[in-house]
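**Student:** Read top to bottom, the protein sequences are chains A and B.
Whatever position you read off the first sequence (first residue = 1), add 17 for the working numbering.
Whatever position you read off the second sequence (first residue = 1), add 17 for the working numbering.
Just so you know, these hints were derived from the structure itself, not from any lab.
Be aware that a few hints might be false.
If chains are identical, the list can't say which one is meant, so a pair holds when it fits in one copy or spans any two.
In the DMTMM-like style, the derived pairs of lysine to aspartate or glutamate whose C-alpha atoms are separated by at most 20 Å in a straight line are [unchecked claim]:
id, residue 1, residue 2
1, Lys362, Glu31
2, Lys133, Glu60
3, Lys343, Asp267
4, Lys303, Glu193
5, Lys353, Asp336
6, Lys194, Glu272
7, Lys362, Asp316
8, Lys19, Asp267
9, Lys187, Glu60
10, Lys133, Glu69
11, Lys358, Asp316
12, Lys343, Asp196
13, Lys343, Asp325
14, Lys176, Glu60
15, Lys255, Asp287
16, Lys299, Glu92
17, Lys353, Glu335
18, Lys299, Asp221
19, Lys256, Glu78
20, Lys366, Asp336
Computed from a prediction, not measured in an experiment: that's the story for all the values here.
There are 2 protein chains.
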Amino acid sequence: MKPYAVILCGGRGERFWPKSRRRQPKQFMRLFGDKSLTQQTSERVKPLCPSERQLFVTPAEFAATVRRQLRPKPENLLLEPEGRNTAPAIGVAAAYLAATHPGVTMVVLPADHLIKQRLRFLSSVRLAARLAQEGMLVCFGIPPARPDTGYGYIHVGRKVGGRGRLTAHKVVGFREKPDPDTARSYVRSGNYLWNSGMFVWRVDVILEAFERFMPEFRAALGEFTSAVGTRRQNSALKKVYEQAPSISIDYAVMEKAHNIIAVRATFDWDDVGSWLALARQKRPDKSGNVVNGLCVSRDVQNCIVDSDTGVVAVLGVEDLVVVRSKDAVLVARRDKLGEIKELLKQMAKNPDARGFL
Amino acid sequence: MKPYAVILCGGRGERFWPKSRRRQPKQFMRLFGDKSLTQQTSERVKPLCPSERQLFVTPAEFAATVRRQLRPKPENLLLEPEGRNTAPAIGVAAAYLAATHPGVTMVVLPADHLIKQRLRFLSSVRLAARLAQEGMLVCFGIPPARPDTGYGYIHVGRKVGGRGRLTAHKVVGFREKPDPDTARSYVRSGNYLWNSGMFVWRVDVILEAFERFMPEFRAALGEFTSAVGTRRQNSALKKVYEQAPSISIDYAVMEKAHNIIAVRATFDWDDVGSWLALARQKRPDKSGNVVNGLCVSRDVQNCIVDSDTGVVAVLGVEDLVVVRSKDAVLVARRDKLGEIKELLKQMAKNPDARGFL
C-alpha cells in the first residue's frame, strides 16, 4: 500500500522573528524561492504521496493560511483546536488515518524543513517506508555538518538495511541537545546523527506505541477514530486536546520504544532553525556577509542582513544579524541568537511590545 | 547699540542620518524637547536680540522649513542660492546688515547647537559684545569636557576681560582637530578650549577682515550691500555665491587675524555632532544604554537606540548605535560613527539607496 504524508504545520518559528510572526510563522513564509516552506514540503513528496494522500495538521488559527497556500480538500486538512507539540498532532493524524486508511504507512514531515535534493529524499523515504511496513518506527538521521548544540542526536548502531550510501541502522539511543564538547565527540565518532523530526511508521504501529507509553491519550484517540466522518468528529477531537499533554513525539515515544530504525539521510537538510540558516543557504560575499534586501555597508564582516523594505546601513560591525521586517527591527549577535526566545518572552510581558510578536 | 543675531541654518547634519535627511537636517528636528534646535537657538538669544533683530541665513532649499518654524519677517530671512560653508554665509549676513544696520554688532550662532544654561549663555554673549564693540573678533571657547578629536581647539593666553569664572583671553592660535595624544595634552594644559563656531563682532570689523584676507569676495559683498533693498538684491546675492569659495570662517579669517579674543564659556554646550550626543544628553540606564522609542533588549551594554516607530529588539550586543527612522535603519559601532560620511557617500553612488539620503 502506498504511504500517506502527514505534514505538520504547527511550528511557531520564533527564532525567525521578526520575519516570522505568531500569525505568520516561518512555514508559511517564502523564505527560499517563491513557494512557502509548507508548499515546498508538499511538492517534494508528491511523487510518493500525491495531493489526495497528504494530510495537513495545523492549529486552527492557521487554517485560512493553509487553505490559501495548499488548497487541500476538506478530508486532507485536520485542524487542531490549539497548537501543542508533535505527539498530539501525530496522534490525531494517526487516529484519523486509522479511520480512513487503516494500516497505512504514514510519512511524518514537519512543514518547515528545507530539502533541495528531492530524488535522494524520495529514495530515503522509500527505504523508510519498506522498513515501516515491517513494523518498525523509522526516523531519519542527518549526518551532522557541524557540532551543533541545537539538535538532538540519534546514536546509531549496526546496519540493518539499505545499500551504498543510503543505509538503515538500529538505534542505540536518543541523546538530547549536547554541550559543545559532547557535540564535537559525536561528530568525530560518526555514529551520531541529527534527529531530523521526520518519521515513517504504520498507523497501527504508532498507535500501539501510544497505547504502551500514553494509554489515556490512546484511549481518547480511539474515540476520535470512531467519530471520524460523524457529527461527533469535532467534539471528539476537542476531547483529545483537552487531555493531551504538550509533549514531543521524541520524549513521548522515540526515547522509550525499542523497534526503532534510523535511515541515514543522503539528502541535504536544513530545519531553517534560525537566521543562521540564511547564511548557510546563500553564499556569503568575500567579507562573509549575507544580504537580502537593500543594504549599504562599510567595514562590516560576517553579518546577516535581511530587510523587506527601505534601506539598512551597517557600519563597522561584525558577527551580527540585522533584520528589518515590517514594523520591527532585530539586531543580535550571531552567537546569541539562541536566546531570542527569552527576548520574545520579555516582549510578551511588555504591553507596548506584545503586539509585535 | 544692541547686538543683532545671525542664525546660520545651513548645516547638513549628516552624522545624524537617518533621522537627519538632506531635506530635513538636524537643525530643524525636534531632537531635544518639543522645539527644533533652530527654534531653541532663536528663543535662547531673544532677551538680547528679539525676533526683529534676528537674521536667519539658510540655503534656499530650507526656506519653507525656516518660514514654517520661525515665521521671520521677509527682512529677517536671507536665502543663500545654495549651501556653502560658514565664510560665505557670514559674509553675506555682514554685507546685508551693513546696509540695514551699519556698524551693528553681530552675534553669529549656528542653529544646531544645544545650550541649556540660558542665563550663563546670555552673560557670555554680553561680555563678547562689549569686547566686539571695541573692534575685536570674539569667539567662544568651550572648556573641553573630554579629549575629543572631533573639534578644533583655541589656544588661549592671558586674560583681557571678564570676571569670576567668566573670562576673556587673547588667542594664541587655532589648532585643527588633534590626534588623541595631542587632545589629551590640550585638556591637561587647561589653555585649550573647543572652538564652538559662535562668534561676535562688529559688521564693519568682520568686513575689514574679509577685505584683508578675501579681497575679491569683499568686493562682491560690497556690491550686494549697495543692492540691498533694490531690485538688484537677489542678482547681487547670486553673484556673491558664484565666486564665493566654500570655506569656513575659521580658515578664511580666524586663523589669520590678530585682533581675536576668546570668551571662555561658562555655559553647557553641545553641538549635537552625532548620535553620541544623545547619550550625553540623556542619562544612560544601569547597563549604559540610552533608548528613545520602543526597544526590548537582553544582554545589551553601552548602546544607543533611537526608533521613531515600531519596535527595535536588541540581543547580546554592546557599543552599538541602532537607529530606525522612517524607511531607514542604521546599525553602527559607536567608535566608527565618524565614518558615516563615507557610508553616505557610498549610498549616494548607489541608485537604489540614493533616495534614502
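**Student:** Now tell me, hint by hint, if it's right for this structure.
**Tutor:** Comparing the hints with the structure gives:
no.: 1; hint: Lys362 <-> Glu31; result: within (10 Å within a copy, 37 Å between copies)
no.: 2; hint: Lys133 <-> Glu60; result: within (11 Å within a copy, 66 Å between copies)
no.: 3; hint: Lys343 <-> Asp267; result: neither (36 Å within a copy, 46 Å between copies)
no.: 4; hint: Lys303 <-> Glu193; result: neither (36 Å within a copy, 37 Å between copies)
no.: 5; hint: Lys353 <-> Asp336; result: both (10 Å within a copy, 16 Å between copies)
no.: 6; hint: Lys194 <-> Glu272; result: within (13 Å within a copy, 68 Å between copies)
no.: 7; hint: Lys362 <-> Asp316; result: between (33 Å within a copy, 14 Å between copies)
no.: 8; hint: Lys19 <-> Asp267; result: neither (25 Å within a copy, 85 Å between copies)
no.: 9; hint: Lys187 <-> Glu60; result: neither (30 Å within a copy, 82 Å between copies)
no.: 10; hint: Lys133 <-> Glu69; result: neither (23 Å within a copy, 73 Å between copies)
no.: 11; hint: Lys358 <-> Asp316; result: between (30 Å within a copy, 13 Å between copies)
no.: 12; hint: Lys343 <-> Asp196; result: neither (36 Å within a copy, 42 Å between copies)
no.: 13; hint: Lys343 <-> Asp325; result: both (7 Å within a copy, 14 Å between copies)
no.: 14; hint: Lys176 <-> Glu60; result: neither (30 Å within a copy, 85 Å between copies)
no.: 15; hint: Lys255 <-> Asp287; result: neither (33 Å within a copy, 65 Å between copies)
no.: 16; hint: Lys299 <-> Glu92; result: neither (38 Å within a copy, 60 Å between copies)
no.: 17; hint: Lys353 <-> Glu335; result: both (13 Å within a copy, 12 Å between copies)
no.: 18; hint: Lys299 <-> Asp221; result: neither (42 Å within a copy, 66 Å between copies)
no.: 19; hint: Lys256 <-> Glu78; result: within (18 Å within a copy, 69 Å between copies)
no.: 20; hint: Lys366 <-> Asp336; result: neither (28 Å within a copy, 26 Å between copies)
In this structure, the hints that do not hold are numbers 3, 4, 8, 9, 10, 12, 14, 15, 16, 18 and 20, in rising order.
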